[in-house]
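Taken in order, these protein sequences are the chains called Y and P. Residue numbering for the first sequence follows the working numbering, beginning at 837 and increasing consecutively. Residue numbering for the second sequence follows the working numbering, beginning at 3 and increasing consecutively.
Derived from the structure by calculation, the hints contain no laboratory data. Idealized CB from N, CA, C, for every residue including glycine. A hint or two may mislead.
To be verified - Which stretches of chain Y does chain P cover? Using the computed rule of at least three CB atoms under 8 angstroms from a CB of chain P, they are:
1. 992-1004
2. 1026-1039
Claimed, not checked - Here are some chain Y residues pointing at chain P (derived, C-beta under 7 angstroms):
3. G917
4. V920
5. I1019
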Amino acid sequence: MSSPHDAFREEAYELLTALENSLLELEECPGDREIVGAVFRAMHTIKGSGAMFGFDDISSFTHDVETVFDLVRNDELEVTGPLVSLSLAARDQIKAMLDVTCGGDPCDSARTEELRSAFRALIPATEGAPPAASASAKVEKAAVVRERTYRIRFYPNRGIALSGTNPLCLLKELRELGKCQVIAHMDDVPPLAELNPEQIYACWDVILTTGKELDAIKDVFIFVEDECRIQIDLIDDEELLGNDSSYKKLGDILIERGDLTPEALREILRQQKRVGEMLIAAKVVSPSKVASALAEQQQVKEIRSRQQQKQQGGGDAASIRVPADRLDRLVDLVGEMVTIQSRLSQISLGREDAELISIAEEVERLTAELRDNTLNIRMLPIGTTFSKFKRLVRDLSQELGKEIELTTAGADTELDKTVIEKLNDPLVHIIRNSIDHGIEAPEKREAAGKKRQGTIRLAAIHSGDSVIIEIVDDGAGLNEEAIRRKAVEKGLIGEQEQLSRQEIFQLIFAAGFSTAQKVTGVSGRGVGMDVVKRAIESLRGSIDIDSTAGKGTIIRVRIPLTLAIIDSLLVTIGEDCYVIPLSVVEECIELTRADVAQAHGRNLVRVRDRLVPYVYLRDEFAIADEPPEIEQVVVTAVNGNQVGFVVDRVIGEHQTVIKSLGRMYRDVQGLSGATILGDGKVALILDIPQLVQRAEQAA
Amino acid sequence: MLESTLLAPDGARPATLRVSGQAVIAFILQFKSALEAALQTYPDLHVDCAGVTEADFSCMQLLWSAHQSHSGMRVTPASCEVLGPVILASGLDRIDGCCMADHSDDRFWSCPDASPGKV
């Protein structure tokens, strides 16, 4: 189990991500109370759990921010642009403080104090005490506070203490809310011999009379939601129930709490006549009127009970938190399993034993199911990455004096966790480029007849075993002539070279290429798009670009769903096996000696009515032995172009568990990894885009 | 750190498990082992918590469970500066028989040095 400190860090990082999104949403909808509540709760949780796990500096700093948002929550402070900016800065500072605890760079304590002072300045001072010194910064309203009494049933999960939560801290927080009685229930604590002392068997009833809102009680438990069951019932409200000092009968309270069954109570009260019976006997009310009243009572009770059950049902944990490294290990094991299964299948086919073949097929089916389910566990919605870009666009557009709106679509599209992590940097770079070079300044846009506010649209859609991510801006678009001139100047193309529009756009992915007139801190150093392309290709993805001058640019990134196990085509050249990712394969055709002779020395093959260039892999890998009479061409699609790869034989589809190459082979071009085949042999995985690039350079 | 020393009965003094240090979840397994071993030999054990510097609910729960299984077990002192606030914070003071409750039936633990009226 990870330590409570690790658990806190993990949760805090998640909360900070959510907090950033909430603050950005709040900037757009300053009056939205739900978002204000979300910000407050995030701060409250970080503060509370920070204090609980000994992160006192984080807790103390967050307390001031929380205090300000408590004022906002109570309509005592307005949400303004500067407050959002300040809160975002505070969020960054909390993250920096958290990073320090994970071995990150030292935190700027002067900045912490500067921000703390800025927040404290927003808190109205109360008489006789400096604002920051008050235990709770909430400023009570002068009006008479309406008090309510709640019954809070707190059932901690048995393992709550092991995750670092001290239930007594929660009870202490409740005591701070008002008049409070705490009663422990020890009925489930087992005898000493059976007791696991690290588990908590007790539960508590808390009777709390408070002027605070229900949210304040919920907030106490907000960071242990997954570790306990909470039932909060309003049992008395002075305004709704009046000043009647009488209260429910003892039996009713016990039944309401679930401590006594109605049957047991009925059994005890059996000898006593019921109210209805007495009323009927006294001829005060007719039997039908009593029956009607009882029916109403029964129905209302049933409905309320159903509603309550629904609410309780919603609170049950539907998910569990699992450390990422355990998932990675699981995927590795499934990878091993796929390899072994492949070997079993191969051996079973060789033995011609029907029973063994049947078992092998069953294992194959189960393994495929296990593989898909395991890989699905690692799938995350790409929205987790998209949400980070809102802040990027906000900050950069402010820095550059531009007005830009980021819209997103397909945030629910799922990709492997590793792919999402590696995708972040390239996407950041593309968006920075769009903001810096694509979207024009507001005045320039108006002069061009456009809206002052530019738009960047980020969209993700599923396409087979890939996800396509589109980054679309309505900026100035690419200047074909400028790109061409720059490419000639850099020696990337000849002055007279004729290029298609698409080929010209592809030039911006060349190393050191940049058409920006000035180098800014944002982009324009010419080290960007080639790095982006390499990063995307390292994910076995591809990138292409389309643009219309004055209208905008579309960048399309195609990424495989997963990096761990892929469907591929197994081929042989000489004695060796190679793997081609199936996602790039279009078709396979034969290549005869006659076809080669007809091409007059050029590596071209006719595929129906088209001539397709091919790479002769036997030459590429310097394989000396004699090729077969009839070879095979695997036709692939790379960056929208068809390219063939000549191999000796196509074996067929193969489930490939990707193993990275050792350090010695990492820089070998044209290979992206290796895999182990069923017979134990190693097959190299071809890096198709890189092989095409090499071939183009050689030509 | 939690330390415990088992003292054999000596004249009028019953067998005593002297506990000192942190009676908290981090050392609770160790506390349970010591308590269990001592109770096996001496069911009327006195648990002397005077040296306890820190306690949490896991400690309270352990003592509760031990007392439920061995009603002759006693915990001293009644007015322990460390255990008292934890008993109050846990809401155990409201349970009948607790050394800090009003009633003395079915007591939580016995306090030989408690004042009359308290257990």
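Verification of the supplied hints:
1. 992-1004: Result for this restraint: holds, n = 5.
2. 1026-1039: holds (count 10)
3. G917: violated (44 angstroms)
4. V920: With a closest approach of 39 angstroms, the Y:V920 hint is violated.
5. I1019: holds (5 angstroms)
When each numbered hint is compared with the structure, violations occur for hints 3, 4.
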